[in-house]
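Produce the complete structure using the sequences and hints provided.
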Amino acid sequence: MIRSIVRGVGCALPRRSMKNSEFEAIVDTSDEWITQRTGIRERRIADADETTASLGEAAARAALDNAGLTPADIDLIVLATSTPNNTFPATAVEIQERLGMRHGFAFDMQAVCSGFVYAVTTTDLYLRGGQAKRALVIGSETFSRILDWTDRGTCVLFGDGAGAVVLEASEGQGAIADRGILAASLRSDGVHKEKLFVDGGPSTTGTVGHLRMEGREVFKHAVAMITDVIEDVFRQAGITAEELDWFVPHQANRRIIDASAKKLGIAEEKVVVTVDRHGNTSAASVPLALTAAVTDGRIRKGDLVLLEAMGGGFTWGAVLLRW
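Residues -18 to 304 (the working numbering) are what the sequence shown spells out, left to right.
I should point out that these hints are in silico values taken from the structure, not numbers from a laboratory.
Straight-line distance between alpha carbons at most 20 Å, and here's what the computed SDA-like set of lysine to any residue pairs gives:
| id | residue 1 | residue 2 |
| --- | --- | --- |
| 1 | 0 | 126 |
| 2 | 201 | 239 |
| 3 | 282 | 223 |
| 4 | 114 | 74 |
| 5 | 176 | 194 |
| 6 | 243 | 17 |
| 7 | 176 | 189 |
| 8 | 243 | 255 |
| 9 | 0 | 20 |
| 10 | 282 | 152 |
Just so we're clear, the structure is a prediction, and the values are computed from it rather than from any experiment.
Below, the structure written as structure tokens:
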């Protein structure tokens, strides 16, 4: 059977690093308060010349270099983002142009913080269905553009950045020992829309709007929803948490990460955490954390890796893959 294997990873971060202490001059908060409640110590903030497209392009080029490939080898680009450069066309098409690609196809996917997990799962279907041989899957965000910088409950949480992977269709045996994507589970429930949303849009206010969040409500639902999809992929693959080598969760809040791992029985030393230095980068958070763990040598060929995310909507999902 066809498996979608990871050929390369890459990331890109804005030049500017913003530490917690800088928020003390903007809103009523402190470094200690932010660190204790979220685990975040700093995040990157995009300058005017840094956009979702430019960061996505840089991450894509890094992933291609890591894979030993060029844009000519890619048939498909799927960009997960909630902060596109324009309402239309898709920012993926702009990245395609920036890469010099005049072939293949490209589109955006919007599932907020779950976007990269949704994009990986969707791309896997295209590769297994024969619509493409190799794909760039990118998560790129500039959430600083949609923050209300007077709202201390949200402005301290988010950052900007991009991460990418190259997926390639490869022959597998249909066994758990195969390299590539082994199982995936996606969910959504629109009843929770008002708990995490942006209060603007072309069809409603005609404005971009700002991010709004009921933090306690999101936290209350997060662990149960995350557990739901992870247990589903475990069932599909016929494995247990003990067999995992690495858990790469969405980097929203250290407390959510720790509580989820504990409930699932995943050992702390198997959890990849980058929220302390990136903050919540929405669809970019999982590929940023994944790239960090591959680059520093933690994730190696043959490892069993679990990706997970939850975002506004609510949307949530998990992907299990063999490196």
